[in-house]
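Same order as they appear, the protein sequences are chains A and B.
Numbered per our numbering, the first sequence spans residues 7 to 161.
Numbered per our numbering, the second sequence spans residues 7 to 161.
Just to be clear, a hint being listed does not mean it is correct.
Which copy is meant is left open, because identical chains are indistinguishable; a pair holds if it fits in one copy or across any two.
[Stated by the list, open to error] List time: in silico EDC-like cross-link candidates among lysine to aspartate or glutamate, alpha-carbon distance up to 20 Å:
#1 128 x 110
#2 128 x 118
#3 37 x 132
#4 158 x 136
#5 158 x 125
#6 37 x 24
#7 144 x 24
#8 37 x 8
#9 69 x 159
#10 134 x 24
#11 158 x 111
#12 128 x 111
#13 69 x 21
#14 69 x 136
#15 69 x 8
#16 134 x 153
#17 144 x 111
#18 134 x 101
#19 69 x 110
#20 144 x 13
#21 158 x 147
#22 134 x 80
#23 37 x 153
#24 37 x 80
FYI, nobody ran anything at the bench for these hints, they're computed from the structure.
Number of protein chains: 2
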Amino acid sequence: MDRSFMEQAIRLSIENVDANNGGPFGAVIVKNDEIISHGTNHVAEAGDPTAHAEIIAIRAACKKLNTYNLQGCEIYCSCEPCPMCLGAIYWARIDRIWFAATREDAAGYQFDDRFIYEEVSKPYSERKLETRQLMREKALEAFRLWEQSDNKEPY
Amino acid sequence: MDRSFMEQAIRLSIENVDANNGGPFGAVIVKNDEIISHGTNHVAEAGDPTAHAEIIAIRAACKKLNTYNLQGCEIYCSCEPCPMCLGAIYWARIDRIWFAATREDAAGYQFDDRFIYEEVSKPYSERKLETRQLMREKALEAFRLWEQSDNKEPY
Numbered sequence: 007m008d009r010s011f012m013e014q015a016i017r018l019s020i021e022n023v024d025a026n027n028g029g030p031f032g033a034v035i036v037k038n039d040e041i042i043s044h045g046t047n048h049v050a051e052a053g054d055p056t057a058h059a060e061i062i063a064i065r066a067a068c069k070k071l072n073t074y075n076l077q078g079c080e081i082y083c084s085c086e087p088c089p090m091c092l093g094a095i096y097w098a099r100i101d102r103i104w105f106a107a108t109r110e111d112a113a114g115y116q117f118d119d120r121f122i123y124e125e126v127s128k129p130y131s132e133r134k135l136e137t138r139q140l141m142r143e144k145a146l147e148a149f150r151l152w153e154q155s156d157n158k159e160p161y
Numbered sequence: 007m008d009r010s011f012m013e014q015a016i017r018l019s020i021e022n023v024d025a026n027n028g029g030p031f032g033a034v035i036v037k038n039d040e041i042i043s044h045g046t047n048h049v050a051e052a053g054d055p056t057a058h059a060e061i062i063a064i065r066a067a068c069k070k071l072n073t074y075n076l077q078g079c080e081i082y083c084s085c086e087p088c089p090m091c092l093g094a095i096y097w098a099r100i101d102r103i104w105f106a107a108t109r110e111d112a113a114g115y116q117f118d119d120r121f122i123y124e125e126v127s128k129p130y131s132e133r134k135l136e137t138r139q140l141m142r143e144k145a146l147e148a149f150r151l152w153e154q155s156d157n158k159e160p161y
């Protein structure tokens, strides 16, 4: 089963290049041994830098299941998820990740996945992307208000 | 100016709790000293785990400017972006990040930002989220096809 799901993710990644939607990336999300959603990279086609295969597949699965919690699901990615997509997979509470190509493979074709992994792992003051902090005290008001809210849902 | 933009991001984060859309997070994107888009956390309201303030603001800015490249823009975040949002900021080529509260502050209110930073920084075999690799060779086909494509755009 695992290989068959990965075959589908890879097939999508290949078709995506032919369709000229964006980069060579595909993903499928599986629940109870059935594919419930899929995605391919649509950055170029949609003009949206967040339109990676995994993000699209996660959003589609959540819409289908009417929840932001994908516990009980697994994701098959034709390439190792980038930090953006890996973060999304954590937030979605997906149970398991399967991937085929690596961030190194992607780097070999000028994709920034490996570079972004390096950057995310550094303290912000050491990153290439300039980052500054200000007004922390004022921002804490929102958290205090959240804590007092009756409607807050943990996620 | 910087403080005024951050004040807006923080104001949005506070209003978002009152509106019951999701967590206490707000972001604005600025180009040429003007706010071109904004976002707040809509995870709960939209049932979408990727609906963080920064992701929403990035998608809105790209739609407005009709590009997936936000070079020349800065983002003001009421809280340090999580790895998902930080990855999106890199992919969008935003020039500079300003943030107020920290991942530690968020962790103090049960948000997973710090945990996800720790996980993303580890080799996949050491993460709490089970991750397995298979079928790398087959997945490389998509990259080779991409390299031969006339239509590929680097991003």
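Tested hints:
1. 128 x 110: both (19 Å within a copy, 15 Å between copies)
2. 128 x 118: both (16 Å within a copy, 18 Å between copies)
3. 37 x 132: For residue 37 and residue 132, neither the intra-copy (40 Å) nor the inter-copy (24 Å) Cα distance is at most 20 Å.
4. 158 x 136: Neither way: residue 158 and residue 136 sit 33 Å apart in one copy and 29 Å across, limit 20 Å.
5. 158 x 125: neither (32 Å within a copy, 25 Å between copies)
6. 37 x 24: Neither: 28 Å inside a chain and 35 Å across chains, both beyond 20 Å.
7. 144 x 24: This pair counts as between: shortest inter-copy Cα distance 16 Å, intra-copy 50 Å.
8. 37 x 8: within (12 Å within a copy, 46 Å between copies)
9. 69 x 159: within (18 Å within a copy, 30 Å between copies)
10. 134 x 24: Answer is neither; intra-copy 34 Å and inter-copy 36 Å both fail.
11. 158 x 111: Between copies only: 17 Å across, 41 Å inside.
12. 128 x 111: For residue 128 and residue 111, only the inter-copy Cα distance (18 Å) is at most 20 Å; the intra-copy one is 22 Å.
13. 69 x 21: For residue 69 and residue 21, the Cα distance exceeds 20 Å both inside one copy (24 Å) and across copies (25 Å).
14. 69 x 136: Classified as neither; 35 Å inside a copy, 24 Å across copies.
15. 69 x 8: Neither: 24 Å inside a chain and 37 Å across chains, both beyond 20 Å.
16. 134 x 153: The answer is neither: 35 Å in one copy and 27 Å across copies each exceed 20 Å.
17. 144 x 111: For residue 144 and residue 111, the Cα distance is within 20 Å only across copies (12 Å; inside one copy 43 Å).
18. 134 x 101: Cα proximity of residue 134 and residue 101: across copies only (10 Å, versus 33 Å in one copy).
19. 69 x 110: Neither, since 32 Å and 31 Å both go past 20 Å.
20. 144 x 13: between (50 Å within a copy, 8 Å between copies)
21. 158 x 147: within (15 Å within a copy, 46 Å between copies)
22. 134 x 80: between (33 Å within a copy, 14 Å between copies)
23. 37 x 153: Intra 34 Å, inter 33 Å, cutoff 20 Å: neither.
24. 37 x 80: Classified as within: same-chain Cα gap 7 Å, cross-chain 39 Å, threshold 20 Å.
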